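Number of protein chains: 2
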Amino acid sequence: MSQVDTQLEELKSEIEAEIPSTISITDVKYEGPELVVYTRDPKEFAGDGNLVRQLASKLRKRITVRPDPEVLSRPREAREKVRDVIPEEAGVADLDFHEDTGEVVIEAEKPGMVIGRHGSTLREITREVGWTPEVVRTPPIESSTVSNVRNFLKQERQERREILERVGRQIHREEMQDEQWVRITTLGCCREVGRAAFIVNTAETRILVDCGDKPGAEGEVPYLQIPEALGAGAQNLDAVVLTHAHLDHSALIPLLFKYGYDGPIYCTEPTRDLMGLLTLDYLDVASKEGRTPPYESAQVREAIKHCIPLEYGDVTDIAPDVKLTFHNAGHILGSAVSHFHIGDGLYNVAFSGDIHYEDTRLFNGAVNDFPRVEALVMESTYGGRNDYQTDQEDSEEALIEAINNVHDKGGKVLIPAFAVGRSQEIMLVIEEAMRSGKIPEMPVHLDGMIWEATAIHTTYPEYLRDELQDRIFHEDENPFLADQFNHIDGGEEERQEVVDEGPSIILSTSGMVTGGPIMSWLRHLGSDPDSTLTFVGYQAQGTLGRRIQNGWDEIPVSDFGSGRDGRGSKLTLEMDVETVDGFSGHADREGLMNFVRNMSPRPEKVLCVHGDESSVQDFSSALYHEFNMRTFAPKNLETFRFK
Amino acid sequence: MSQVDTQLEELKSEIEAEIPSTISITDVKYEGPELVVYTRDPKEFAGDGNLVRQLASKLRKRITVRPDPEVLSRPREAREKVRDVIPEEAGVADLDFHEDTGEVVIEAEKPGMVIGRHGSTLREITREVGWTPEVVRTPPIESSTVSNVRNFLKQERQERREILERVGRQIHREEMQDEQWVRITTLGCCREVGRAAFIVNTAETRILVDCGDKPGAEGEVPYLQIPEALGAGAQNLDAVVLTHAHLDHSALIPLLFKYGYDGPIYCTEPTRDLMGLLTLDYLDVASKEGRTPPYESAQVREAIKHCIPLEYGDVTDIAPDVKLTFHNAGHILGSAVSHFHIGDGLYNVAFSGDIHYEDTRLFNGAVNDFPRVEALVMESTYGGRNDYQTDQEDSEEALIEAINNVHDKGGKVLIPAFAVGRSQEIMLVIEEAMRSGKIPEMPVHLDGMIWEATAIHTTYPEYLRDELQDRIFHEDENPFLADQFNHIDGGEEERQEVVDEGPSIILSTSGMVTGGPIMSWLRHLGSDPDSTLTFVGYQAQGTLGRRIQNGWDEIPVSDFGSGRDGRGSKLTLEMDVETVDGFSGHADREGLMNFVRNMSPRPEKVLCVHGDESSVQDFSSALYHEFNMRTFAPKNLETFRFK
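Chain order of the listed sequences is A and B.
All the letters of the first sequence, read from the start, carry residue numbers 1 to 643 under UniProt numbering.
All the letters of the second sequence, read from the start, carry residue numbers 1 to 643 under UniProt numbering.
Derived by calculation from the structure, the hints in this document are not laboratory data.
Since we're looking at a predicted model, the values are computed, not measured.
Keep in mind that the hints are not guaranteed to be accurate.
Within a straight-line C-alpha distance of at most 25 angstroms, the following computed PhoX-like cross-link-like pairs (lysine-lysine) qualify [stated by the list, open to error]:
hint: 1; chain 1: A; residue 1: Lys635; chain 2: B; residue 2: Lys110
hint: 2; chain 1: A; residue 1: Lys635; chain 2: B; residue 2: Lys643
hint: 3; chain 1: B; residue 1: Lys81; chain 2: B; residue 2: Lys61
hint: 4; chain 1: B; residue 1: Lys605; chain 2: A; residue 2: Lys643
hint: 5; chain 1: B; residue 1: Lys214; chain 2: A; residue 2: Lys643
hint: 6; chain 1: A; residue 1: Lys214; chain 2: A; residue 2: Lys258
hint: 7; chain 1: B; residue 1: Lys154; chain 2: B; residue 2: Lys58
hint: 8; chain 1: B; residue 1: Lys409; chain 2: B; residue 2: Lys438
hint: 9; chain 1: A; residue 1: Lys288; chain 2: A; residue 2: Lys258
hint: 10; chain 1: B; residue 1: Lys305; chain 2: B; residue 2: Lys154
hint: 11; chain 1: A; residue 1: Lys643; chain 2: B; residue 2: Lys635
hint: 12; chain 1: B; residue 1: Lys605; chain 2: B; residue 2: Lys323
hint: 13; chain 1: A; residue 1: Lys214; chain 2: B; residue 2: Lys643
hint: 14; chain 1: B; residue 1: Lys570; chain 2: B; residue 2: Lys605
hint: 15; chain 1: A; residue 1: Lys29; chain 2: A; residue 2: Lys43
hint: 16; chain 1: A; residue 1: Lys288; chain 2: A; residue 2: Lys154
hint: 17; chain 1: B; residue 1: Lys29; chain 2: B; residue 2: Lys61
hint: 18; chain 1: B; residue 1: Lys643; chain 2: A; residue 2: Lys605
hint: 19; chain 1: B; residue 1: Lys635; chain 2: B; residue 2: Lys214
hint: 20; chain 1: A; residue 1: Lys570; chain 2: A; residue 2: Lys605
hint: 21; chain 1: B; residue 1: Lys635; chain 2: B; residue 2: Lys605
hint: 22; chain 1: A; residue 1: Lys61; chain 2: A; residue 2: Lys81
hint: 23; chain 1: A; residue 1: Lys643; chain 2: A; residue 2: Lys214
hint: 24; chain 1: B; residue 1: Lys635; chain 2: A; residue 2: Lys635
hint: 25; chain 1: A; residue 1: Lys605; chain 2: B; residue 2: Lys605
hint: 26; chain 1: A; residue 1: Lys605; chain 2: B; residue 2: Lys635
hint: 27; chain 1: A; residue 1: Lys29; chain 2: A; residue 2: Lys323
Make the full structure from the sequences, and use the hints.
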């Protein structure tokens with residue numbers, strides 16, 4: 001009998017000793033970080049609302065109770081009863097019974113009503129039918145990503161259970177090492193922005209945090225080929241942790257599966273879906289640009305299959321000596337500050353990931369409150385001494401003024417925007433401005449992946465800012481569903497119609513004018529002096545967006561990709577060009593300083609990463625002088641030992 | 001045709017263009033770092049003393065010329081002629097003709113006379129017979145180590161050539177990496193003394209510097225099992241560099257061959273022989289103490305077979321992007337400061353290894369003068385703020401006084417000493433004191449490995465201090481051959497005779513009274529109040545030597561190993577116990593500071609290693625404050641990126 005089996009036997013006895021003798025336990029298994037308890041008496045188990053909570057706290061494990069397959073009621077009968085228990089207004093769209101695990105997946109428009117206060121409705125379902133309910137939201141805007149991911153996971157259910165069981169046994173293996181130490185190796189995004197990747201390494205465990213590419217420098221990838229990264233191979237990783245879905249953090253996660261990785265990816269549920277969306281687009285863009293991408297869509301599916309979604313605040317065992325907790329990072333949907341508790345009180349490291357410290361319209365500000373933390377790995381994108389951003393309020397006013405000006409002229413406002421994050425922020429600003437009459441009502445067209453990304457946002461409203469959640473849940477007023485938002489899904493024909501209409505606002509990808517439908521919009525509107533090209537996000541060196549910002553007004557047509565307008569011909573830009581600052585998803589210098597100033601507890605050491613060389617150096621030095629902490633501006637490929 | 005073959009073809013053409021057309025080149029090969037040029041006209045080649053030097057400087061390679069096997073004269077005839085060319089006084093002991101390579105190995109008592117001024121006699125030999133001469137010294141004291149190593153290498157000659165050819169092609173391979181960076185990973189001896197091991201790592205190359213054990217803590221070995229050490233396996237190392245033969249630097253070198261390493265070990269010739277002696281003794285001691293050593297004598301032989309000896313000052317390609325140069329370190333015979341020149345002017349790192357900065361009787365002080373050096377990895381054994389040692393002169397006077405006192409009482413001076421290094425230093429002090437009449441003539445008995453280690457010293461007088469070389473070479477006065485030195489090779493019987501005689505001095509291993517013949521001497525002399533136990537070296541915590549120094553006078557007999565004197569019985573120490581400081585092979589605090597103060601050029605960064613935690617911290621902080629350089633006191637398992 002293996003050590004894990006012995007452990008499970010012991011857990012079974014402990015559970016039996018804790019629960020009433022009327023409830024029988026037939027099996028106890030690990031599935032990923034969870035302990036799954038099978039019982040012949042699921043209804044009795046569900047009878048006491050506190051029982052599972054007590055067990056979890058006693059055993060210090062996350063616990064799921066499932067009915068032993070032998071005692072399951074028949075789905076046909078159960079279906080009726082489940083529908084009876086759930087209030088009509090919940091809008092149940094689908095019930096999916098899985099006889100292998102005794103779970104019933106309930107898809108509903110309002111999952112909260114399926115759950116009930118403190119889970120009371122869920123327990124009632126089990127008391128009625130014995131099945132274990134699991135609830136997912138019907139996206140208010142149809143999202144092909146969400147439905148593809150859900151269908152795929154359903155189809156791969158059997159293999160996924162096997163993966164989870166294997167991972168679970170791996171997490172709960174006996175520690176093999178006598179020694180205790182904690183190290184971090186930098187594999188990317190040091191003194192640069194892009195290709196985020198770190199190894200957190202103990203004597204026992206090896207965890208990869210993020211695995212991105214470097215936008216605009218496709219050849220520069222994290223140092224995965226050196227032994228420090230994957231050791232003797234990708235199989236040597238215990239876990240991958242993904243802080244958020246942006247490609248500079250996620251692009252090469254699927255590649256790990258090509259390298260033979262077969263373990264878990266811990267991320268939030270929206271990060272999983274957005275990673276699917278963005279990595280598939282990454283493959284698409286690469287192939288359109290004639291590059292051979294480093295992996296195929298099969299590996300994206302593998303990555304999704306291996307995701308273990310965690311919610312903010314869940315303390316989760318991910319290795320015998322490591323507990324991971326995600327906290328809201330305020331940067332994009334599902335973005336997470338990742339806190340690692342290592343050993344039994346040995347050491348604590350937090351990775352900020354990308355953060356926004358102040359509340360934005362979309363998200364609450366980043367969490368910086370932890371039970372313990374000795375070291376912080378901190379983004380420094382705007383860490384330079386002059387990297388102060390315009391106030392949110394001023395930025396919004398500037399945008400509103402710009403829109404009004406263009407509207408008065410009868411032109412159009414063309415906004416290049418990143419699909420994930422900034423687009424939704426701008427949508428909220430516009431929606432409110434129209435609702436409150438600060439700008440006239442007019443259509444807002446969303447082109448490129450923006451619509452799909454927005455649909456994913458509406459699937460996970462729990463991840464949005466409190467006030468926004470309130471509006472959505474309690475006032476039933478979801479701003480993303482406002483009438484003026486129009487999804488451009490009719491291609492060039494629809495774009496031409498928009499051009500021929502009156503004033504409107506157009507949000508289109510790509511955000512740095514490096515390709516995508518924005519190129520087509522420029523062709524349509526570039527020579528219209530009544531329209532304005534309005535930048536709301538960072539334009540990197542070398543992008544067409546930056547060149548236009550810098551005053552270029554002759555754009556070679558080859559930049560439009562297709563080249564069908566003829567070689568050597570140019571478009572002369574006659575539309576206005578404006579920049580409205582302050583909509584970044586990143587904290588500015590002050591926000592970064594405040595994140596550390598108000599951090600509780602204040603860490604002893606900070607590694608400043610994810611910023612240009614001068615930004616990280618400035619920021620590292622500022623933290624040192626202000627707070628007298630040990631700060632570092634590491635290079636890639638260094639290893640720091642913390643304990 | 002491989003890239004290396006193309007390179008060799010080109011080199012052949014270049015050589016042909018440089019030399020007179022009368023000289024034909026039949027083949028050009030790499031053997032380790034050397035370029036071997038085969039010619040049908042070896043005699044003509046040897047005619048011009050400058051030809052090889054010019055070629056070496058033009059091609060920037062170390063060059064060896066050998067006769068094409070087809071033109072070799074017959075050994076029988078050649079033997080006669082070679083003997084005619086070499087002066088009688090050279091004391092030729094053996095001529096060994098190797099038809100596979102056209103080399104004749106000449107063993108002589110006075111190799112200098114075989115070489116002649118600037119190699120003139122060697123060239124004359126070639127002019128006469130065509131063979132390429134190679135000279136080795138007949139040890140003035142017979143050394144079983146030296147003769148075993150030489151015989152073994154002779155026997156393995158064929159395999160060794162294959163190894164050298166493989167290594168040579170590896171060194172001269174085309175660089176595969178575009179990137180350039182330089183890193184050092186600490187695998188041992190950080191904030192501790194023992195288990196020295198570092199990885200020097202470029203994008204192209206991975207070099208292990210030292211691989212020792214930790215004396216008194218046999219379980220604590222360098223971190224060879226983490227990917228940073230050997231990567232995907234020992235085969236991933238390009239080279240191993242050994243700074244000197246002490247076990248805390250060399251003990252686990254043979255283990256690498258058990259792990260599948262098959263590449264070169266760069267060290268000086270005496271380091272190779274001493275490593276053989278000490279690692280075999282290490283196996284012996286382990287087995288006597290009932291421990292299973294991590295490797296067997298077969299791996300020691302593998303290690304010796306893979307040694308590529310370098311002389312001080314030789315600039316040697318050891319990888320496509322790394323040149324290694326050894327310099328005298330003044331610590332023990334053959335000890336080397338190791339200087340790495342990386343890339344084409346990219347970066348320079350020096351490892352001090354263990355050093356003595358001032359001249360000692362045995363060795364010149366450590367070299368600290370380099371063409372360039374940006375980073376220094378520096379020993380800090382006596383780097384603590386109070387680690388000042390007694391002056392050499394005062395120490396010698398103290399020792400002389402101690403000896404005189406004991407002699408006056410008619411007793412014996414028993415000195416526990418390390419076989420390699422300190423014993424020879426003490427021998428020189430005693431020999432001079434007797435010669436100059438400061439102490440009376442009396443026998444000096446050498447027990448344990450001391451005699452053998454001394455024999456190895458006499459084999460390599462070029463590695464000794466200039467003044468000592470002068471005495472040996474020009475005044476024909478080798479102090480190690482003095483009459484009073486007696487090798488105890490008659491075991492207990494001879495020891496009893498020594499005990500029964502009049503006053504004498506006894507040097508015996510082990511140096512910290514942890515086993516070996518010193519235990520037997522203690523049994524004989526421990527109860528003699530007229531004799532003195534005189535410590536001349538560092539006694540580590542936990543050793544019997546330290547306990548005696550601290551005043552213990554009841555020594556449990558079990559400490560004597562055999563236990564045959566009966567369980568529980570004790571020896572009461574009645575002999576005097578004295579300590580004479582100042583004979584360390586390590587620089588003291590002042591010496592370490594001076595090494596850096598006078599270093600040319602002064603490095604930008606210093607990693608302080610190889611010392612107790614407080615010593616490295618003190619020393620690192622002192623260097624920072626005194627010289628305003630960036631200093632570090634790394635932990636084990638950190639990686640520093642320098643470029």
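Hint check:
1. A:Lys635 to B:Lys110: Not OK: Lys635 (chain A) and Lys110 (chain B) at ~54 angstroms, beyond 25 angstroms, violated.
2. A:Lys635 to B:Lys643: With a Cα-Cα distance of about 9 angstroms, the restraint between Lys635 (chain A) and Lys643 (chain B) holds, given a limit of 25 angstroms.
3. B:Lys81 to B:Lys61: Between Lys81 (chain B) and Lys61 (chain B) the Cα gap is close to 31 angstroms, so the pair fails against 25 angstroms, i.e. violated.
4. B:Lys605 to A:Lys643: Distance ~23 angstroms between Lys605 (chain B) and Lys643 (chain A) Cα, so the pair holds.
5. B:Lys214 to A:Lys643: 21 angstroms, holds
6. A:Lys214 to A:Lys258: Between Lys214 (chain A) and Lys258 (chain A) the Cα gap is close to 20 angstroms, so the pair holds against 25 angstroms.
7. B:Lys154 to B:Lys58: At roughly 33 angstroms apart (the allowed maximum being 25 angstroms), Lys58 (chain B) and Lys154 (chain B) break the hint.
8. B:Lys409 to B:Lys438: 17 angstroms, holds
9. A:Lys288 to A:Lys258: 22 angstroms, holds
10. B:Lys305 to B:Lys154: 10 angstroms, holds
11. A:Lys643 to B:Lys635: 9 angstroms, holds
12. B:Lys605 to B:Lys323: With a Cα-Cα distance of about 20 angstroms, the restraint between Lys605 (chain B) and Lys323 (chain B) holds, given a limit of 25 angstroms.
13. A:Lys214 to B:Lys643: Answer holds: Lys214 (chain A) to Lys643 (chain B) is near 21 angstroms, not above 25 angstroms.
14. B:Lys570 to B:Lys605: Since the Cα atoms of Lys570 (chain B) and Lys605 (chain B) sit roughly 53 angstroms apart, the hinted pair is violated (cutoff 25 angstroms).
15. A:Lys29 to A:Lys43: 20 angstroms, holds
16. A:Lys288 to A:Lys154: 31 angstroms, violated
17. B:Lys29 to B:Lys61: 12 angstroms, holds
18. B:Lys643 to A:Lys605: 23 angstroms, holds
19. B:Lys635 to B:Lys214: Judged against 25 angstroms, a Cα distance of about 16 angstroms means the pair holds.
20. A:Lys570 to A:Lys605: 53 angstroms, violated
21. B:Lys635 to B:Lys605: 16 angstroms, holds
22. A:Lys61 to A:Lys81: Between Lys61 (chain A) and Lys81 (chain A) the Cα gap is close to 31 angstroms, so the pair fails against 25 angstroms, i.e. violated.
23. A:Lys643 to A:Lys214: This hinted pair is violated, its Cα atoms lying about 31 angstroms apart.
24. B:Lys635 to A:Lys635: 18 angstroms, holds
25. A:Lys605 to B:Lys605: At roughly 21 angstroms apart (the allowed maximum being 25 angstroms), Lys605 (chain B) and Lys605 (chain A) satisfy the hint.
26. A:Lys605 to B:Lys635: At roughly 16 angstroms apart (the allowed maximum being 25 angstroms), Lys635 (chain B) and Lys605 (chain A) satisfy the hint.
27. A:Lys29 to A:Lys323: The given pair, whose Cα atoms are some 19 angstroms apart, holds under the 25 angstroms limit.
Hint check: violations occur at hints 1, 3, 7, 14, 16, 20, 22 and 23; the rest are consistent with the structure.
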